[in-house]
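S.K.: Under our numbering, the final residue of the sequence shown carries the number 273; numbering is consecutive throughout.
It is possible that part of the hints are untrue.
Simulated restraints on C-beta separations [what the hints assert, rightly or not]:
1. Ser183 <-> Phe34: 40 to 48 Å
2. Gly242 <-> His99: 20 to 28 Å
3. Gly24 <-> Asp122: 30 to 38 Å
4. His157 <-> Ala220: 32 to 40 Å
It should be emphasised that the hints constitute simulated quantities derived from the structure, not laboratory data. Positions of the beta carbon are idealized from the N, C-alpha and C atoms, including for glycine.
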Amino acid sequence: MRIAVVGHVEHVTLGRVEHVPEAGDIAHLERPRFLAGGGGGVAFHQLVRSNAEVHLFTALGDDDGAGEVERALVGTGARLHLARKRGPHPRVVVMLDAHGRRTIVVTSPPLQPTADDPLAWDTLASFDAVYFTGACARSLVVARAARALVVTARRAHVVSDTGVVPDVLVGSASDPRENTSFSAYARPPRALVLTQGPGPIRVETASGLVLADAPPHVSAVRGDYGAGDSFAAALTYFVAAGHPVVEAARRAGPFGAAVLSHESPLESAARLA
């Protein structure tokens with residue numbers, strides 16, 4: 001099984017704070033650690049923990065931060081397709097409060113690969129699935145050649161602009177940037193999957209709304225950064241494996257929940273099988 005992630009990876013510094021700072025405060029990150037994260041990065045690391053052949057199409061800047069990100073990606077042993085860009089790589093600071101809720105500060109917009117970059121775009125037609133967090137309309141059109149296409153709901157505007165019909169559009173009902181409705185699309189996705197925190201997972205298709213089983217309960221949440229990205233990656237994996245979307249969503253739920261028991265999503269990602 002071959003799966004590709006097309007999208008952004010950010011240089012993330014993650015740590016815990018006593019409380020999210022207000023104006024004039026100084027906050028100290030406890031146990032700060034680096035990870036190659038972001039929506040594409042976390043999903044990629046989740047997919048690497050599987051029996052699939054995983055490819056990553058992304059972009060890197062030309063500074064020390066980009067070098068750290070590249071070394072982390074190379075260390076996974078997966079197949080990398082890296083577009084080189086001039087300028088600093090985007091950096092992110094993730095603060096986890098006492099309840100495990102994340103607050104994110106970013107230095108610049110995500111650095112994305114484009115269809116003009118000399119990457120192996122034509123190979124995507126041979127993939128079982130692509131998970132797309134990118135921003136380039138033409139690269140989304142190319143990604144549609146894969147057998148299955150899963151797109152983050154944060155890129156719904158790219159979907160609308162291109163007229164591409166994803167197999168799945170995935171997001172969170174609690175995030176206003178992702179909580180879209182099936183009827184909002186002139187050409188809707190084949191399925192709209194929205195998580196609802198600890199509640200049942202919404203799966204909407206032309207046939208109507210179905211609720212997939214809620215993810216396992218996590219009594220002590222240590223960090224929610226990357227939970228949605230890990231769920232989306234697992235959903236992509238199970239769709240690629242041929243499961244119907246409701247069953248794929250049910251199976252993916254525990255992988256999003258697994259992230260909640262640790263501060264870093266890369267430390268807690270369960271193995272996909």
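S.K.: If a hint holds in the structure, say so; if it doesn't, say that too.
M.R.: Checked hints:
no. : hint                          : result
1   : Ser183 <-> Phe34: 40 to 48 Å  : holds (42 Å)
2   : Gly242 <-> His99: 20 to 28 Å  : violated (38 Å)
3   : Gly24 <-> Asp122: 30 to 38 Å  : violated (53 Å)
4   : His157 <-> Ala220: 32 to 40 Å : holds (37 Å)
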